[in-house]
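Student: The lines below spell out each chain.
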Amino acid sequence: MSGGSDAAIVARVLDGDVEAFALLVARYRDRYARYAYHMLGNREDAEEALQDAFTRAYRSLARCEDPERFAAWLFRILINRCRTAGARRGRRARTFVADEVAVLEAAEDHPADRAAWREEIGRALAQLRVEQREAFLMKYVEELGYDEMSRVTGVGVSALKMRVMRACERLRGLLTEVQNA
Amino acid sequence: MRDGDNESIEQVADELRGTVPVSAGFDARVMRAVRAMPRHVRRVSFWSRLTTPRTLVVTPWSWGLVAASVLVLAGLGVVQLSEALHAAAGPAATALFSKASKPATQRVQFVLVAPDAKKVAVVGDFNGWDASHAAYQAKHRGGGVWSVTAPIPVGHHRYSFVVDDSLWVADPTAPRAPDNDFGLPNSAIVVEADK
Amino acid sequence: MVVGLAAREAGAQDPRLVSRLDKPTEAAVTAIVDSARAAKLPTAPLVDKALEGAAAGSDGPRIVGAVRNLAARMATAKHVLGSRATADEIKAAAGSMDFGVTARDLARLHTAAGTRSLTMPLAVLTDLLGRGVALATATNLVDQLTRAGIKDSELSLFQRDVRVDIEHGADPAVAATTRGHGLLLKHSRSPARPAE
Numbered sequence: 001m002s003g004g005s006d007a008a009i010v011a012r013v014l015d016g017d018v019e020a021f022a023l024l025v026a027r028y029r030d031r032y033a034r035y036a037y038h039m040l041g042n043r044e045d046a047e048e049a050l051q052d053a054f055t056r057a058y059r060s061l062a063r064c065e066d067p068e069r070f071a072a073w074l075f076r077i078l079i080n081r082c083r084t085a086g087a088r089r090g091r092r093a094r095t096f097v098a099d100e101v102a103v104l105e106a107a108e109d110h111p112a113d114r115a116a117w118r119e120e121i122g123r124a125l126a127q128l129r130v131e132q133r134e135a136f137l138m139k140y141v142e143e144l145g146y147d148e149m150s151r152v153t154g155v156g157v158s159a160l161k162m163r164v165m166r167a168c169e170r171l172r173g174l175l176t177e178v179q180n181a
Numbered sequence: 182m183r184d185g186d187n188e189s190i191e192q193v194a195d196e197l198r199g200t201v202p203v204s205a206g207f208d209a210r211v212m213r214a215v216r217a218m219p220r221h222v223r224r225v226s227f228w229s230r231l232t233t234p235r236t237l238v239v240t241p242w243s244w245g246l247v248a249a250s251v252l253v254l255a256g257l258g259v260v261q262l263s264e265a266l267h268a269a270a271g272p273a274a275t276a277l278f279s280k281a282s283k284p285a286t287q288r289v290q291f292v293l294v295a296p297d298a299k300k301v302a303v304v305g306d307f308n309g310w311d312a313s314h315a316a317y318q319a320k321h322r323g324g325g326v327w328s329v330t331a332p333i334p335v336g337h338h339r340y341s342f343v344v345d346d347s348l349w350v351a352d353p354t355a356p357r358a359p360d361n362d363f364g365l366p367n368s369a370i371v372v373e374a375d376k
Numbered sequence: 377m378v379v380g381l382a383a384r385e386a387g388a389q390d391p392r393l394v395s396r397l398d399k400p401t402e403a404a405v406t407a408i409v410d411s412a413r414a415a416k417l418p419t420a421p422l423v424d425k426a427l428e429g430a431a432a433g434s435d436g437p438r439i440v441g442a443v444r445n446l447a448a449r450m451a452t453a454k455h456v457l458g459s460r461a462t463a464d465e466i467k468a469a470a471g472s473m474d475f476g477v478t479a480r481d482l483a484r485l486h487t488a489a490g491t492r493s494l495t496m497p498l499a500v501l502t503d504l505l506g507r508g509v510a511l512a513t514a515t516n517l518v519d520q521l522t523r524a525g526i527k528d529s530e531l532s533l534f535q536r537d538v539r540v541d542i543e544h545g546a547d548p549a550v551a552a553t554t555r556g557h558g559l560l561l562k563h564s565r566s567p568a569r570p571a572e
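Chains as they are written, first to last, in the working numbering: chain A, 1 to 181; chain B, 182 to 376; chain C, 377 to 572.
Calculated directly from the structure, the hints in this document are not laboratory data.
The C-beta atom is built at its ideal place from N, Cα and C for all residues, glycine as well.
Incorrect hints may have been included.
[As the list claims (entries may be wrong)] Part of the chain A face toward chain C, derived, beta carbon under 10 angstroms:
#1 R56
#2 N80
#3 T84
#4 G156
#5 S158
#6 A159
#7 M165
All chains, please: the whole structure from these sequences, using the hints.
Tutor: Put into structure tokens, the structure is as follows:
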């Protein structure tokens with residue numbers, strides 16, 4: 001790892017080495033861009049949330065209790081930023097995402113090709129409740145363990161498992177319908 | 182708890198695990214923003230932390246000023262007394278208004294199980310959502326159980342826990358309140374007067 | 377600071393807003409608060425909303441938008457619930473509207489309530505909606521419970537039971553209606569039930 005451990009870089013930044021922060025940005029931006037993109041559904045919002053998360057992380061870096069776990073701490077900030085961004089769009093987007101029929105009718109061809117399949121997944125994801133989408137992405141895409149998920153979200157493990165299960169059920173249902181259409 | 186038919190979900194997850202590249206210049210934008218902020222300097226003294234306007238915090242000593250200023254306004258008759266009370270609500274301020282009607286409070290216990298937390302505070306519309314308010318800092322009782330008992334005015338309130346100054350957590354045992362305004366979890370509590 | 381405040385005009389700045397918001401945001405929020413006061417709406421919730429936004433680290437326009445929305449919802453709530461509605465009822469009603477409860481739903485609930493306070497029924501309704509119960513199901517259910525005169529303490533227990541059921545895997549709507557019907561049944565059997 002170039003730059004050393006997260007804790008070492010955090011220490012440098014706290015000692016006044018601003019430029020060292022760029023190492024952390026480079027280290028985590030792709031991983032968390034993915035999460036933000038799937039949570040929010042579009043690139044602009046995702047990048048805005050991610051940039052916001054990084055700047056907030058910088059600003060409150062002195063409050064990072066355990067610099068060894070900077071990644072989880074940053075992720076938590078990002079989760080909150082995505083929630084805020086999602087809530088802002090919530091009212092506008094709600095009428096669209098609630099309409100399952102629209103999803104089915106929009107699938108014009110059998111989604112054999114990758115791009116269409118991706119779009120269907122995106123639409124199905126958008127129909128999950130926020131907390132279910134969060135839990136699903138953390139478990140299956142970011143591949144966190146339930147204990148880690150619990151630490152990062154503050155939600156109990158059994159509740160998280162419930163959310164993941166519900167999310168899987170819903171996704172399976174939505175995507176099966178699309179494939180069978 | 183099994184997820185059932187995993188294969189289709191694995192396919193979905195596989196698709197989603199692909200890299201989502203950020204636009205060119207992302208890093209540069211972040212660093213530009215970061216450079217414009219105050220540089221970190223280690224070993225910030227307690228006093229400068231108190232006076233640096235970085236975080237918007239109503240520190241305990243300023244409650245006295247708030248209460249005093251509200252008294253002045255009330256004296257000038259420009260503010261409804263009951264609203265002045267509400268604006269200055271807090272243990273210190275309430276004590277000053279012994280003559281006027283003050284909102285009745287009840288001692289309410291807040292409990293959160295958070296085994297990995299280092300700090301838990303209660304924020305809500307009864308303390309200006311201030312995570313550093315002294316009366317609302319939970320204590321760790323052992324085994325990951327955090328609790329604090331604080332005076333809460335009778336009536337309907339929204340609140341949340343703030344863990345480690347960074348994570349807002351709704352009270353899992355309380356009714357949920359909407360979080361659409363700022364996206365952060367909220368709970369509701371209705372405090373009743375003694376009958 | 378005290379002198380500065382004394383010099384300001386009637387109905388002017390809350391010092392907490394001044395210390396925690398930037399100038400333009402504080403001015404916009406204060407203007408909304410002033411209008412609300414003139415319309416005899418509770419103003420403390422508006423100040424609290426702004427402080428919540430500041431604590432959440434939101435930007436100015438977002439805070440102003442949230443305060444403005446709350447003022448509008450409280451105005452609707454007060455209009456529906458009438459001049460005798462308490463600040464708590466208005467607050468709780470505004471919160472429920474955030475989850476989609478309409479003025480018509482509120483009016484129905486208001487009729488169902490008679491003279492009892494709507495604060496707890498509204499809080500329970502909001503919670504059910506927040507846990508995923510559909511709007512029509514939740515409003516009908518809370519309407520029935522309110523109409524039946526179920527006490528606040530029992531409503532609180534009902535909310536807790538539904539929450540626990542959902543945590544154990546129950547579908548939210550099923551849990552809510554099942555527990556709700558159980559509560560209504562129990563109430564209809566009670567010899568102390570007041571005459572309709």
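Student: Now tell me if each hint is right for this structure.
Tutor: Hint check:
| no. | hint | in the structure |
| --- | --- | --- |
| 1 | R56 | holds (7 angstroms) |
| 2 | N80 | holds (8 angstroms) |
| 3 | T84 | holds (7 angstroms) |
| 4 | G156 | holds (8 angstroms) |
| 5 | S158 | holds (7 angstroms) |
| 6 | A159 | holds (6 angstroms) |
| 7 | M165 | holds (8 angstroms) |
Comparing the model with each earlier hint shows no violations; every hint is respected.
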